[in-house]
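Novice: The sequence shown begins at 119 in our numbering and counts up by one.
It should be emphasised that the hints constitute simulated quantities derived from the structure, not laboratory data.
The structure presented is a predicted model; accordingly, all values stated were derived computationally and were not measured.
Mixed in with the good hints there might be a few duds.
Each computed DSBU-like pair below joins lysine-lysine, with the alpha-carbon atoms no more than 30 Å apart [stated by the list, open to error]:
| hint | residue 1 | residue 2 |
| --- | --- | --- |
| 1 | 298 | 188 |
| 2 | 579 | 361 |
| 3 | 134 | 361 |
| 4 | 202 | 173 |
| 5 | 173 | 579 |
| 6 | 298 | 173 |
| 7 | 470 | 437 |
| 8 | 579 | 647 |
| 9 | 647 | 388 |
| 10 | 173 | 188 |
| 11 | 685 | 470 |
| 12 | 388 | 514 |
| 13 | 465 | 626 |
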Amino acid sequence: MNKTTVSDAGSPDLEKLNANLSRIEELSQRLVKAMASKRATSAALEGPGPDLALKASAAWWADAIHNPAKIVEQQVNYWGQALKHFIEAQQVLAHGKLEPATDNTPKDRRFANPLWETHPYFNFVKQQYLMQSQAMQKAVADIEGLDAADRKRLTYFTDQILNMMAPTNFLGTNPDALEKAVKTEGESLVRGLENLVRDLETSDGGLLVSLADRDAFTLGSNIATTEGAVVFRNRMFELIQYKPTTEKVHAIPLVIFPPWINKFYIMDLKPENSLIKWIVDQGFTLFVVSWKNPDRSYADVGLIEYIEEGYLTAINEAKRITGQKKVNAVGYCIAGTTLSLTLSLMKQRGDKSVNSATFLTTLTDFSDPGEVGVFLDEGFLNGIEAEVRRSGFLDKYYMSRTFSYLRSNDLIYTPAVRSYLLGEAPPAFDLLYWNGDGTNLPARMAVEYLRGLCQGNGLMKADFEIGGTTVSLADIQVPLCAVACETDHIAGWRASYTGIEHMASTDKTFILSESGHVAGIINPPTKDKYGHYTNAAWPTTPEEWKAGAERHAGSWWPRWGAWLAAKSGAMTAARPVGDSAHPVLESAPGLYVREVPTL
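Put together the whole structure using the sequences plus the hints.
Specialist: Written out as structure tokens, the structure reads:
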């Protein structure tokens, strides 16, 4: 194929134009190839099933029949606002003024460019969009005859459509993108196309926007650098023991179980915000589990394998290395949920190896799973089951996309605009780098978790069977501390509180950190950024607990550290990493965290 060129004497502008045309032609070919290789997915994983539309339509028509005045009022109100604004904008221009009409729409950080306020075209587009959004949101909120779950789903997916259709997401209605395209003579759009093609190729034809520069970080070099070593490995995990930084350490070791939905180094991004380093510096012998990133050969691995070959094995190996009869355990997110299962099994088996338990952003009561609940309808779970039967695992692509849509403006559209319309490189941001470094889930484990715990709420109901027995929150009787986060969109703090409140321990502490699922946990004392709440009482409802809670400035880490120290025994000489039966297999952060499964 002959490349398209513009001929003239060697003008620098024409040379640049010809170079850009050549790049566009090459990128277009790559784009077509990437799109052609898009993975086959179940329609159930792409959006809500037809049941939601049918329920919403039936409810709307029932409203229209029984209360037509309400429907007419909604429509007339929107039409009146939109038409009034159109007439006002037209009159301003008719009087020869190049300025917008009166703007009473609410502030929205997506519309930060001054042209959204001063330019009549962009201001008109913005006002009409915000009016339409308000009208649609009100119409959905006013529909009667929907149960709470369906209303939440309808509201969520309506908001997703509105976010997707924002004028900032399109070149012709984005002043930032147009200004930059003119300023760079189109170079920004070519770079944006390059970014788009790269993301499509990376995700096998699916689109996941790169949130961070993939080349900016190297594990063990400028991220996940706390000194330690892998001292045990099996098919499920590597056990990392961290090198002590104090002459004396507490006798009872600490074992952290991170979620296997993500990788453990969220707790060790860099020294100044590393929870792992902070724990070691407080004089604790620390072990951290680094889970294997599964491929299709792990299809039959379920929650019992995570417990038997993961939790119980890690606890026993930590006991052997330290010579202790007990450990303190930490479970983060889904690993906290599974720690609850483990503690119940251990109680029934008479195993007293866990001295205390800490639960970070943990759900054990899924009666109100929060924003994630919109993905727990039957159609979506059927789609998950069909996908994992086909592939043997739940690809990280689906998990990443699902969680991104819970914060679509922050994690999808704003980064997409920056990358594809402005042509900017993703930032070198450690947290976003980790966010994009996802993991797969074994097929059986994913279904057990989603069906039995999330949808069925089996742990709270005490009807979830695992390992030949039925587990219950009433079996959890060890001293415990739970940390939830106030604006957590994955593990809502109220549901977290309710689950912990039902555990049978007589020694319970609940801490509510400000901020969200990650920032509320990775909140080092040196930053003095987010505060936290405590309340020694355990009222039945989380609202009562919050009403009686005391706010404390700063991180929850020192408060938890003091609680943990009291559960960790006397001080003893710092221990070396590993022992003769547990030689160093690999320097931290280990092999498994770096592996890319062969799928």
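Novice: Check the structure against each numbered hint from earlier and tell me which ones fail, lowest number first.
Specialist: Of the numbered hints given earlier, those the structure breaks are 1, 2, 3, 4, 6, 8, listed in rising order.
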